[in-house]
Amino acid sequence: MTNRPWKRTSAALLAATLVVTFLVISGPNRPKDEAPQLPPGDAPSSDHVALENTSSQTTSGTSGTPVELLNEAFPSLHPAPLPLDFSSAPFERQQDGTIHKRDVMEMLQDLNSPEWETVSDLQLLRKVISVYRQIFRQNPIAGENREVVEALSGKNPYRLIFITPDHPSVDGDGALTDRWGSPFRFHPISGSLMEISSCGPDAIFGTPDDITLGEDDS
Amino acid sequence: MTSRKKIPLNRRSFMARSACSAMGLTGIVSTLAHMKLMQGALANTSSSLNDYRALVVLFLFGAKDANNFLMPGLLNPSRANYDTHRGVLALPTGGTNPTHPIVASNLATHPSAPAGAEYFELHPSLPDVKSLFDSGDLSIAANVGTLVVPTKASTYDSVALPPQLFSHSDQQNQWQSSLPDKPFQSGWCGRIADILHPQNTDSAISMSVSLSGINAIQAGLTQVSPQYSVTNAGAVTLGGYGNKYSSALTDSQDKHSYKSNSSGRRLKAFQDIMDYTHDHLFEEGYNNVVRQARENEGYVGAALEEADSWLHPTAQDNRGRPWPFMTATFLYQHGIDPSGLNNSNISALGALPDLARQLLKIAQLIAGRRCLENKRQLFFCSYGGHDTHQDQGGYSGNGVYVPGDLDANMAVLNDALKAFNDCMHALETFENGQNDAFSYDDFILASHSDFNRTLTPNGNLAGPSGSDHAWGTHVFTMGGNVRGSNVYGYYPDLDPAGVWTTPGSSRGRWIPTCSVEQFTAPLAKWLGVGDSELATIFPNLDRFSSPFGSTYNPSGYDSMLANPNMDFLEGI
Chain U
1 MTNRPWKRTS
11 AALLAATLVV
21 TFLVISGPNR
31 PKDEAPQLPP
41 GDAPSSDHVA
51 LENTSSQTTS
61 GTSGTPVELL
71 NEAFPSLHPA
81 PLPLDFSSAP
91 FERQQDGTIH
101 KRDVMEMLQD
111 LNSPEWETVS
121 DLQLLRKVIS
131 VYRQIFRQNP
141 IAGENREVVE
151 ALSGKNPYRL
161 IFITPDHPSV
171 DGDGALTDRW
181 GSPFRFHPIS
191 GSLMEISSCG
201 PDAIFGTPDD
211 ITLGEDDS
Chain D
219 MTSRKKIPLN
229 RRSFMARSAC
239 SAMGLTGIVS
249 TLAHMKLMQG
259 ALANTSSSLN
269 DYRALVVLFL
279 FGAKDANNFL
289 MPGLLNPSRA
299 NYDTHRGVLA
309 LPTGGTNPTH
319 PIVASNLATH
329 PSAPAGAEYF
339 ELHPSLPDVK
349 SLFDSGDLSI
359 AANVGTLVVP
369 TKASTYDSVA
379 LPPQLFSHSD
389 QQNQWQSSLP
399 DKPFQSGWCG
409 RIADILHPQN
419 TDSAISMSVS
429 LSGINAIQAG
439 LTQVSPQYSV
449 TNAGAVTLGG
459 YGNKYSSALT
469 DSQDKHSYKS
479 NSSGRRLKAF
489 QDIMDYTHDH
499 LFEEGYNNVV
509 RQARENEGYV
519 GAALEEADSW
529 LHPTAQDNRG
539 RPWPFMTATF
549 LYQHGIDPSG
559 LNNSNISALG
569 ALPDLARQLL
579 KIAQLIAGRR
589 CLENKRQLFF
599 CSYGGHDTHQ
609 DQGGYSGNGV
619 YVPGDLDANM
629 AVLNDALKAF
639 NDCMHALETF
649 ENGQNDAFSY
659 DDFILASHSD
669 FNRTLTPNGN
679 LAGPSGSDHA
689 WGTHVFTMGG
699 NVRGSNVYGY
709 YPDLDPAGVW
719 TTPGSSRGRW
729 IPTCSVEQFT
739 APLAKWLGVG
749 DSELATIFPN
759 LDRFSSPFGS
769 TYNPSGYDSM
779 LANPNMDFLE
789 GI
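Residue numbers (my numbering), protein chains in the order written: chain U, 1 to 218; chain D, 219 to 790.
Excised from the complex, chain U in its bound form (with noise of 0.2 Å):
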């Protein structure tokens, strides 16, 4: 018989492989995308806590009994945030914590301007999205204005904070409002498309004066 030790060689490499494999895939310290690179000092917001803390959660199987989840920390769920460098401008860090956009909120107090028109608005709106979205890899999630402003307001993984919520166009119930004091609509089409409105001066949605600017990938 042909001693072959090429053969014991790629068959042990191949058994390794698949026992590292499975012992990443099932194993309970598996390892989650790229976390993001937040600076020293900085914790993640509690919504990026909240994805990490589903380990305890307990449901009931298909048998009827209780069964624990096991360490799932939908890795897939979200993408990882841009890692970026916080210590320098356009970055302020706040003592509370948060860290403000310094360049998207000092564009954004042009927003509603008299010297603009409502479609300058709207596109200053989609820069200010598609800047979340290039740090964030995806829209804010949300499907009501109040939730855009909550994310662009530091309800999301770093914590960064785009408008603050006294910005003059944020109205009592937290929602950005076009000039003439009517809430924008956001509609999310998807992750990565959001098309804003006005309702224009009559303050109504479904009429001929409505602006309606569509949010692309590019």
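Note that these hints are calculated values from the structure, not bench results. No experiment lies behind these values; they were computed from the predicted model shown. Hints should not be assumed to be uniformly reliable.
Stated by the list, open to error - Ranges between beta-carbon positions, derived for each pair:
no. : chain 1 : residue 1 : chain 2 : residue 2 : range
1   : U       : A80       : D       : D472      : 57 to 65 Å
2   : U       : P165      : D       : S372      : 22 to 30 Å
3   : U       : L84       : D       : S376      : 41 to 49 Å
4   : D       : S480      : U       : E117      : 56 to 64 Å
5   : D       : T449      : U       : L82       : 42 to 50 Å
6   : U       : D103      : D       : S376      : 29 to 37 Å
7   : U       : A80       : D       : S724      : 30 to 38 Å
8   : U       : L84       : D       : L456      : 51 to 59 Å
9   : D       : P721      : U       : G172      : 13 to 21 Å
Said to hold, decoys possible - According to the in silico footprint, chain D covers these stretches of chain U (three or more CB under 8 Å from chain D):
no. : stretch
10  : 136 to 145
11  : 182 to 188
12  : 198 to 209
Built from N, CA and C at the ideal position, the CB exists for glycine as well.
Place chain D on chain U using the hints.
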């Protein structure tokens, strides 16, 4: 300094290392998944399918307003919240545009059901859907949606939620994959086809047929049953040769009956080229695709011809020729007089809405199923335009109803469902006594939609107002094995500030009490998927309470999550 031992790299060691490298993490995960599927498929091949079953999935794209599809009746405990919070979109039970009352039999008799919980109303444009519900052909599953894990208001901020919860595209994909916590790879119907298609031993075409183009739900992990698209006019044919090759062929079913005209000569030349074999793999692959497409055309054409050979007893066209039974049934249901049309003109069916034409084609393919020789068939169709942010339809301040897009959409849905269901009943009667006769129990139609819409309107004017993106929605199933006249799942209390809604919102966005897989797993099992394969098709199902044999217990959110009340099918 550490010295490194140089390992000589010969051909064998190079190949061994390359193979291991090629099988990187992603490759192995994928391979394992495929192997698992194949194991399931192989395990199944020992049992053969003798009966016929067809599942039709109807996706209502854009997010149907389920809050006005199924409303609480006057005696239902949720009615007060509906009247208070629905605003201009609220639909009264009486007046000039009345809703249609239905009574859920399962809740009427259940000792745990709150008083009045069985009373519901259907949208004013759904009179025939009410009849289908009342006759036991249709049931509704309340508050179904995408979930990563069981979720309630108190855990909303601490558990993993479906990504991009309120975005159309993401939620459509997650409904179709039933795997919201994973990047899209396959649809739940595609995974069913991966496992069941090998049992379609004499199959002529794929068991996954789409009337709505390439879709996510029928995308499989393997290519054993790639989705096959059929238009609402029939199989996709080569362009430039007329309807059913009438410009080029004397007989559409004989692909060599070329006419002696330029179209005939052109088609013959094309066919000759396609019949050549090629040395180049790409050329041969391209030819195979075209050859297979032409063969599929033939099978689908034969199935449709078989269906059309079943003639309506009274309906005639404008030249006195009898109409095919199913086509005439759809025309009558839509208020179209068949005697005013020419049934040899394909444009005669243009007056039917697209959804009706899709369901007509599915009904015909079911009637002609013997030509396709699939024991299991998965059909996909869709109906868009439900994103009613405005012009939804509602009552103005002076009590005048302003019709909107939802009224039109529901009317289309109503007529298409009724005509399709009538055809299924009639087919059972028509084939009675034949070998392999069709039974009304042989099909199920199940609806999907992106999500529900907000209970509260986004305006206070009946004309332009509408509703926005929400979450848990109400879906329906229709067919002989559906336990009809029932409402499954749990109907929300419709309190926008209550325990059913997402915290922080005052719009009324119901957190689903039933996940997509709890709704769809019974459908898979009905098709013949074994218990051991369910976990392959629905890997997240174990996170939720079993839908099979599940009971009704509305005493609290936890009890509802533990008892999903999704036992809506017989014979599984």
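Going through the hints against the structure:
| no. | hint | result |
| --- | --- | --- |
| 1 | U:A80 <-> D:D472: 57 to 65 Å | holds (59 Å) |
| 2 | U:P165 <-> D:S372: 22 to 30 Å | holds (25 Å) |
| 3 | U:L84 <-> D:S376: 41 to 49 Å | violated (26 Å) |
| 4 | D:S480 <-> U:E117: 56 to 64 Å | holds (58 Å) |
| 5 | D:T449 <-> U:L82: 42 to 50 Å | holds (43 Å) |
| 6 | U:D103 <-> D:S376: 29 to 37 Å | holds (33 Å) |
| 7 | U:A80 <-> D:S724: 30 to 38 Å | holds (33 Å) |
| 8 | U:L84 <-> D:L456: 51 to 59 Å | holds (54 Å) |
| 9 | D:P721 <-> U:G172: 13 to 21 Å | holds (19 Å) |
| 10 | 136 to 145 | holds (count 6) |
| 11 | 182 to 188 | holds (count 3) |
| 12 | 198 to 209 | holds (count 4) |
Hint compliance for this structure: hint 3 is the single one not met.
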